[in-house]
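Q: Sequences are here, hints too, so could you generate the full structure?
Under my numbering, the first residue of the sequence shown is numbered 90, with each subsequent residue one higher.
Incorrect hints may have been included.
Claimed, not checked - Cut-off 30 Å, straight-line C-alpha distance, at most; resulting in silico cross-link-like pairs (DSSO-like, lysine-lysine): (1) Lys153 x Lys199; (2) Lys153 x Lys140; (3) Lys152 x Lys140; (4) Lys198 x Lys133; (5) Lys133 x Lys146; (6) Lys185 x Lys152; (7) Lys146 x Lys198; (8) Lys185 x Lys198; (9) Lys199 x Lys185; (10) Lys140 x Lys176; (11) Lys152 x Lys176.
Stated by the list, open to error - Derived Cβ-Cβ restraints for the label pairs, each shown as a range: (12) Leu200 x Asn169: 49 to 57 Å; (13) Ile220 x Tyr183: 14 to 22 Å; (14) Arg210 x Gln156: 20 to 28 Å.
Keep in mind that the hints were calculated from the coordinates and are not lab data.
Quick caveat, the model's predicted, so the values are computed rather than measured.
Using N, Cα and C, we set each Cβ at its ideal position, and we do this for glycine too.
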Amino acid sequence: MGKFLLFYSCKRQSYNLTVKTCNLKTYYEQKQGEIDEVIVGERKGYLQSLKNNLTSKQYIFQKKTAQSDGIVSVSFRVPNIISNNMKPFTDGNYTKDCLIVTVEELYRKKLNIFTQISLSRQTVERGIERISSEICASLNTITTSFVYFSLALDETLDLNDITEELLEFVSLKGQSPEEILRILS
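A: In structure tokens:
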């Protein structure tokens, strides 16, 4: 490595070298001080510029990753709110339009981030389906530890007079057969 740096520095200083061991050794001993100063200075400057460049690139990636994570999080939280309020999937577009108008007025610099949030009907539908599948998976995991369980069905009407059935888990552990029949009837 030392020979490479010596040869490199000498080429930069426009010296002619003949690469013979004895000539190279003599030349190196004569010019040692000058070359070391140039090499050390250049090396420090070059390493510092590499460090600064790397740090700035890492910051850009970290910032973009944090923004992407936030956008994905919002793309799941808004459909969760929509489904909890029993609103149609198309309300995602309406919600996004409201967000964009608000951000245009208050935080114009952040508008680019908010326009990247996807709240289309398909995205809201997929988000609700994923939330539903996660709930089903966690229920499947929990129910494997049950010793006994029973099912109770309840029929109600929603806001649009559509019949909905509610499924309820009732523990039967420690109850007599008469109490179980009373619960089922």
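Q: Okay, isoleucine 220 versus tyrosine 183 on CB: inside 14 to 22 Å?
A: holds, 20 Å
Q: Check the hint pairing lysine 140 with lysine 176 against an upper bound of 30 Å on the C-alpha distance.
A: Violated, at about 52 Å.
Q: Holds or violated: lysine 153 and lysine 140, Cα atoms, limit 30 Å.
A: holds, 20 Å
Q: Between the alpha carbons of lysine 133 and lysine 146, is the straight-line distance 30 Å or under?
A: Satisfied, since the Cα-Cα distance of roughly 20 Å is no more than 30 Å.
Q: Measure nothing beyond the straight line between the CA atoms of lysine 146 and lysine 198; if it is 30 Å or shorter, mark the hint as holding.
A: Distance of about 21 Å is within 30 Å: holds.
Q: Taking only the CA atoms, is the gap from lysine 153 to lysine 199 under or equal to 30 Å?
A: holds, 13 Å
Q: Sort out whether lysine 176 lies within 30 Å of lysine 152, counting only the CA atoms.
A: Given that 30 Å is the threshold and the Cα spacing comes to 34 Å, the pair is violated.
Q: Does lysine 185 lie within 30 Å of lysine 199 when you go C-alpha to C-alpha?
A: Distance ~14 Å between lysine 199 and lysine 185 Cα, so the pair holds.
Q: Quick one, are lysine 198 and lysine 133 close enough, alpha carbons at most 30 Å?
A: Roughly 38 Å separates the two Cα atoms, so the pair is violated.
Q: Quick one, are lysine 152 and lysine 140 close enough, alpha carbons at most 30 Å?
A: With Cα atoms ~18 Å apart, lysine 152 and lysine 140 stay inside 30 Å; holds.
Q: Within a Cα-Cα threshold of 30 Å, do lysine 185 and lysine 152 meet the stated pairing?
A: Holds, at about 23 Å.
Q: Holds or violated: lysine 185 and lysine 198, Cα atoms, limit 30 Å.
A: Holds. Lysine 185 to lysine 198 sits at ~17 Å (cutoff 30 Å).
Consistency note: the structure conflicts with the earlier hints numbered 4, 10, 11, 12.
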